[in-house]
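Protein chains in written order, with numbering that gives the first Met the number 0: chain A, 0 to 359; chain B, 0 to 359; chain C, 0 to 359.
Please note: incorrect hints may appear among the correct ones.
Same chains, same label: a pair holds when it works inside one copy or across any pair of copies.
[To be verified] Here are the simulated PhoX-like cross-link-like pairs (lysine-lysine), alpha carbons at most 25 Å apart as the crow flies:
hint, residue 1, residue 2
1, K56, K291
2, K343, K355
3, K291, K58
Keep in mind the hints are simulated off the structure, nothing from the lab.
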Amino acid sequence: MTASPRQPPGARATRALVELAALVDGVVVGDGSVLISGVAGLEQAGPGHLSFYGNQKYKRQLLESKASAVLVGRDDDVSALTVSSVRVANPHLAFARIAQEFVRQVRVPPGVAVGAFVHPGATIDSTASVLAGATISEGAVIKARAVIGAGSFVGERVVIGDDTRLVANVSVLDDCLVGARCLLHPGVVIGADGFGFAFDGEQGQHVKIPQTGSVRIEDDVEIGANSCVDRATTGETVVGHGSKIDNLVQVGHNSLIGPLSILCAQVGLSGTSVLGTGVVLAGQVGIAGHLKVGDLARVAAQSGVISDVADGATVMGSPSLPHREHLRIQAASRLLPALQKTLKALTRRLEALEQKSTKP
Amino acid sequence: MTASPRQPPGARATRALVELAALVDGVVVGDGSVLISGVAGLEQAGPGHLSFYGNQKYKRQLLESKASAVLVGRDDDVSALTVSSVRVANPHLAFARIAQEFVRQVRVPPGVAVGAFVHPGATIDSTASVLAGATISEGAVIKARAVIGAGSFVGERVVIGDDTRLVANVSVLDDCLVGARCLLHPGVVIGADGFGFAFDGEQGQHVKIPQTGSVRIEDDVEIGANSCVDRATTGETVVGHGSKIDNLVQVGHNSLIGPLSILCAQVGLSGTSVLGTGVVLAGQVGIAGHLKVGDLARVAAQSGVISDVADGATVMGSPSLPHREHLRIQAASRLLPALQKTLKALTRRLEALEQKSTKP
Amino acid sequence: MTASPRQPPGARATRALVELAALVDGVVVGDGSVLISGVAGLEQAGPGHLSFYGNQKYKRQLLESKASAVLVGRDDDVSALTVSSVRVANPHLAFARIAQEFVRQVRVPPGVAVGAFVHPGATIDSTASVLAGATISEGAVIKARAVIGAGSFVGERVVIGDDTRLVANVSVLDDCLVGARCLLHPGVVIGADGFGFAFDGEQGQHVKIPQTGSVRIEDDVEIGANSCVDRATTGETVVGHGSKIDNLVQVGHNSLIGPLSILCAQVGLSGTSVLGTGVVLAGQVGIAGHLKVGDLARVAAQSGVISDVADGATVMGSPSLPHREHLRIQAASRLLPALQKTLKALTRRLEALEQKSTKP
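With the hints as constraints, model all of the structure from the sequences given.
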């Protein structure tokens, strides 16, 4: 079995460059008959590889690359390039599309493997796979072509959608729903209890607020290794369709993540965070509770958001500010020691003047 | 099996509001005969639900809620409310208490499930449950009504206390002790080696310091998904009774966490941290090694603590400062660009005066 | 089975102090015939224990320790010490070496345990152990004396080197290589997909960039609980020999970590980070993508690195700066509110002078 689609270890199909260019509305510059056997980054590429040039910063890497051909932007100056290139609107996107052409889709054999534990009250589609060491609880539904990887746990009444894969050692707890074509990497935990307690001063204890809600992961969501999406206190925690979550991310109870959002590694959402559509949170960002981050908003790495973020805004810092303001303050901060000196000198000069002016 | 107590999927018991009010020393305002079938937050609640109003910030949500009744504070102005209410000292706490009335306690069948692996030298109470894919090692003791969830690993000589639940895929390594009524969410790791090495410059290697201590989790502790409590180098790492730890938290070797403390998601404690009673660390806080955080101290989110924190103090920032001082500095920082301009203008004015004064 | 080497629960071998001193080129001060039965930190030590004194900060603990003997530096003043001591060049390193003398090496019985699932196309060395609930996939190779702990998943064509231990619930995905004498703590995930997507604005979706590379963990690497090392997009993500990674660390795709580096808990490396030899990243550090951190560079806790770090440099802050500059700015920041006041007073004095000077 495989954790992800992968290039075959042995021989690969080769394709003519011109044929690949057609898939991405590209215009070949140079020899279109070059045979391409795979894709790779500029620095990793060798003969037979198609690479891409998406950022002027990598001009040197472009010129030193051993790739046989490169995807470039419509207006990039690639006159110094000695290999063929393909002009496209978005080299990075074209690279992604073409890369998928070279992926061997490994099919896991359908059925329940020896060493998997399936409750008789669970429903497993005949095309789905349940691998060794996985447990499927009563009332769970595993849909077509879904793969429940080794050591994964699927709780009661959970639904796992078509073509979704729990790679290995994933836990999806009771009553949670996972949509179609999702990819949950190892160690992902869906539906652990939200973190909610009320302190009882008389008895000297934190009284647990029962977490009786659930989690709904919509279609086409990817969740990185060891990330956690907590169950709602009541109602649902939702990850919207097409959103992508990196490793070690915490999604607090009752959070609502809109579609097509991107949460980079080690981001933490407190409870009841509301993220719009296409939000991007860079690595290690923290969002305080009960806040709204608007559509297409972007939050820079390590920021701490403690107030709502407007649609389309870019914020930065801890606590976060509009990024231009933050950068101005940051630049000013670097001058602080100098500013202190200036101020001292000024004070001395002022004293001198004052003394002078009091003298007759 | 269930990962946590949960409301029954089908019919629920209903209770009269006046009866629930009595459980929490509450005074009904309005109709006490209203039937309540469950609890929910103000925004999630529907007919038949009891909700709570704990913060003036949510006045709008209170008035728009579809709940059939609401727990409110003794002095809250709820004249605009059209449904029944119950006056209590602490609405949040009362909500927690009443919510537990509606939780169906799912009993996992006792015994060792098919597909669980129990060493003959382990002791499993006859009322305890060991689920499929779990492994119990030699000398381990699983006490009354404890549940060892699917795919969990319990090492040699580990003791798991009465009524404690390891939800799924939890690892408790050799010689660690977990008290009674604890709840360990999926992916929790208790007793991984502390991070300790001594560099040997001659041999060019980091020499491992054997981590021969253990971990003791006291009673009534909850630990969130994928959190880690490391084994002591020698002696014990301790999590005090009634403390609650959220997801993805790191507790370094030889840390001592006092009772009733709260560690929010993604907090990191370096080795030999000492936390008092009732400490609250907000999300993503880091505590440097060998520090003491006093009783009832509070540390704001994303703070970095690099010196001891006094009892009852609230600190903030990285490095952390008393929170008032931090807020003052933060406010001043926002004015820095303006301050720079002021200083420049001042300098010019001073120069003008100086020139004037030197002129005869 | 045991997760790590551990002192025997019952009787231990005792050794004369003079004999232990010889192992570390130490000079005994006092009685060399004292019998030592184990090692412990100054505060945890009791009679029969050898401890160490590595930092002047712990003088009080040294004098109050109940240890029977202490390792001290060649030039430490220990005249107040009433027990025997051993003078060595590096007490911490000597402690590590001697501690290993008291560790009982628990041998896990070789072979495939009942309840482990090994594909017939996998190769398991006859001296290796595969424990209950572990899955070994087709083409995987498990080398001599390696231990694949309970509930671990080993993907296709993975190679696990001699004497390497996957403690429990570890996932090593297809095609990844783990060297000899490595220690992977519970919940570690090697080879989850790198986080790479290209946005397709027309179709409104994030298109996955297939992650077809792999991960190579070199010899003598330790990786802490629930840490993740992502698979390269193409090529390899590499963790260099002898590097040590703490818990909950994220290593992004295509990162290259040089040998003998130290990554503390909750560190995050973005994709394509390059770390030199002997780099030290303190807790919760974040490294932005495509950066180079030079040999022996050190990054302080919670720092955010957004530009290359030179060999041997120490940086601090978010964004990080040379640590002296950062400390200067930080000190100046604390004076900001005072500085604002000074500036106001100065302005008033200047105004007074100006008025005076304009008067005839």
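Do the hints match the structure? See the list:
Only between protomers do K56 and K291 lie at most 25 Å apart by alpha-carbon distance; the minimum there is 15 Å, versus 34 Å within a single protomer. In this assembly of identical chains, the alpha carbons of K343 and K355 lie at most 25 Å apart whether taken from the same copy (18 Å) or from different copies (22 Å). For the homomeric pair K291 and K58, the shortest alpha-carbon distance between copies (18 Å) is at most 25 Å, but the shortest distance inside one copy (39 Å) is not.
The structure shown violates none of the earlier numbered hints.
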